[in-house]
Amino acid sequence: MIHSIHMIGTSHQRAPVEVRERLAVRLEKAGPVARLLTEEAGIQEAVVLSTRQRSEFYFLRSEPADGLALDSFWGRAFGIEPAHFRPFLYCLSGEEAVRHLFRVAAGLNSLIVGESLARQSAAEAFSQCAAHGAAGPTLQRVFEGALQCARRVSRETRLGRRNLSVGHAVVELIEKIFGSLDGRTVVLLGADQTCQSAARDLQRVAAERIYVAGAEEREAKDLVHKLGNNSAVVAWDNLREAISQADVVIHASDAERPVLQRSDYESIRAARQKRPLFLLDLTVPRGIDPALNGYGEVFLYNVDDMAIISSAYSRLYESEISVAEALVRAEADQFLHRFQEDPLSNTLLALEEQLERIRQEQLAKNRTTLRNLTTEQRQDVERLTSAITRKIFHEVAHELKQTGSDGDSGKLSEAVSLVLGLL
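First residue of the sequence shown? That's 9 in my numbering, and the numbers climb one at a time after it.
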């Protein structure tokens with residue numbers, strides 16, 4: 009049954025930021041997009057994992073993965089022609105898809121190898137998709153296994169150390185290109201883990217003043233409280249004034265609109281008297297206008313430029329990365345063995361596939377009637393029937409899990425399989 013698990017996506021290893029930003033899904037939209045994916049024919053469960061470094065769809069489908077059909081879905085979802093991004097996609101199935109997720113969650117596929125944000129991103133993505141009814145028990149088990157493996161990597165290797173983070177790498181990149189930060193003024197646009205990590209290291213290297221602006225003012229105030237006297241909150245509406253005083257601007261906010269356009273910079277350029285300005289845009293999609301690179305005094309970098317530091321980290325922690333790789337392989341091996349041997353998991357997966365087959369058969373039998381409907385009406389029928397089968401499955405799966413935890417899950421699965429004609 010493991011062959012029913014698939015993944016299609018792209019990452020910093022295959023696509024530049026210019027491509028990834030067009031395929032990015034904000035965390036709060038991951039659930040609705042995954043739910044939409046489950047309404048496509050043959051998709052039983054789905055999770056959308058979209059970060060600064062990757063956009064990947066994990067899904068359950070009884071039939072072989074049709075990459076062409078799914079990238080067409082992606083094109084419709086994002087309003088761009090599949091031909092523009094198809095060369096950057098990869099598609100994995102079965103054991104390969106599971107092993108890939110284990111490596112992603114452990115941070116082994118990250119720009120900064122071993123970074124802890126990889127595990128957090130995977131957990132948040134699954135939570136969002138489960139809340140919208142898109143992720144079911146099969147993907148839940150796979151993601152839980154990957155997250156458990158990631159925690160072990162963090163706990164048992166030096167890759168779990170704090171300085172293996174995007175935030176720490178940010179400061180190293182600034183120092184490598186811009187020189188000493190002693191006496192410099194820094195503006196942080198955002199207050200997430202990346203900004204918090206960067207802020208601590210900015211203090212360590214003696215940045216004179218740190219201004220924090222967050223889309224959520226409370227988060228900005230919390231970070232400033234932790235940083236102490238040389239920091240202050242900046243209202244989002246006063247960004248131009250703060251940037252006019254800055255030497256360094258780091259953008260990692262979740263703002264939906266660009267935070268610094270060319271016109272914004274033009275309005276403060278005279279006041280800055282062409283002082284050098286280092287800009288680091290860590291968001292995908294980017295929030296700082298790439299056109300700012302055209303100014304001689306502006307040094308603009310994006311998340312892909314972190315590779316300058318990433319390669320150095322990989323060499324420094326080469327032995328630890330090898331240990332982590334071996335650990336992840338072993339964890340994935342054990343998980344796959346347990347998954348394939350567990351009768352309850354196999355029964356649930358077979359039940360999902362059976363319900364989907366029944367749905368497709370009934371739609372096929374009524375094809376003549378459906379032809380008389382408009383495209384929108386046919387889509388409504390598709391969504392309605394898909395929602396009904398998912399509801400039936402989740403109710404039965406919940407009862408099976410509850411009952412199986414109290415007794416012999418093997419005999420229970422055998423009985424259910426016989427009743428449903430799944431054997």
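Heads up, a few of these hints could be off.
[To be verified] Keeping only pairs whose Cα atoms sit at most 16 Å apart, straight-line, the calculated EDC-like set for lysine to aspartate or glutamate is:
| # | residue 1 | residue 2 |
| --- | --- | --- |
| 1 | Lys229 | Asp200 |
| 2 | Lys37 | Glu103 |
| 3 | Lys37 | Glu361 |
| 4 | Lys282 | Asp262 |
| 5 | Lys399 | Glu132 |
| 6 | Lys184 | Asp313 |
| 7 | Lys184 | Glu264 |
| 8 | Lys282 | Asp272 |
| 9 | Lys234 | Asp262 |
| 10 | Lys399 | Glu349 |
| 11 | Lys37 | Glu390 |
| 12 | Lys282 | Glu264 |
| 13 | Lys373 | Glu390 |
[Unchecked claim] If you anchor each label on the Cβ, the simulated ranges turn out as follows:
| # | residue 1 | residue 2 | range |
| --- | --- | --- | --- |
| 14 | His402 | Gly187 | 15 to 23 Å |
| 15 | His92 | Gln201 | 31 to 39 Å |
| 16 | Arg84 | Arg212 | 43 to 51 Å |
| 17 | Glu132 | Glu249 | 42 to 50 Å |
| 18 | Arg212 | Arg30 | 52 to 60 Å |
I should point out that these hints are in silico values taken from the structure, not numbers from a laboratory.
No residue lacks a Cβ here, since even glycine has one placed at the ideal position from N, Cα and C.
Hint check:
1. Lys229 x Asp200: holds, 12 Å
2. Lys37 x Glu103: Violated, at roughly 28 Å.
3. Lys37 x Glu361: Measuring from Cα to Cα gives roughly 27 Å; hence the hint is violated.
4. Lys282 x Asp262: Given pair Lys282, Asp262 is violated - Cα atoms ~29 Å apart, limit 16 Å.
5. Lys399 x Glu132: violated, 23 Å
6. Lys184 x Asp313: Measuring from Cα to Cα gives roughly 12 Å; hence the hint holds.
7. Lys184 x Glu264: Not satisfied, since the Cα-Cα distance of roughly 30 Å exceeds 16 Å.
8. Lys282 x Asp272: holds, 15 Å
9. Lys234 x Asp262: violated, 21 Å
10. Lys399 x Glu349: It is violated: about 26 Å lies between the C-alpha atoms, which goes past 16 Å.
11. Lys37 x Glu390: violated, 21 Å
12. Lys282 x Glu264: violated, 29 Å
13. Lys373 x Glu390: The hint holds at about 14 Å.
14. His402 x Gly187: 15 to 23 Å: violated, 57 Å
15. His92 x Gln201: 31 to 39 Å: holds, 32 Å
16. Arg84 x Arg212: 43 to 51 Å: Cβ of Arg84 to Cβ of Arg212: about 47 Å, so the range 43 to 51 Å holds.
17. Glu132 x Glu249: 42 to 50 Å: Taking Cβ atoms as reference, Glu132 and Glu249 lie about 33 Å apart, which means the hint is violated.
18. Arg212 x Arg30: 52 to 60 Å: Violated, at about 37 Å.
The structure does not agree with the numbered hints 2, 3, 4, 5, 7, 9, 10, 11, 12, 14, 17 and 18 stated previously, though it agrees with the rest.
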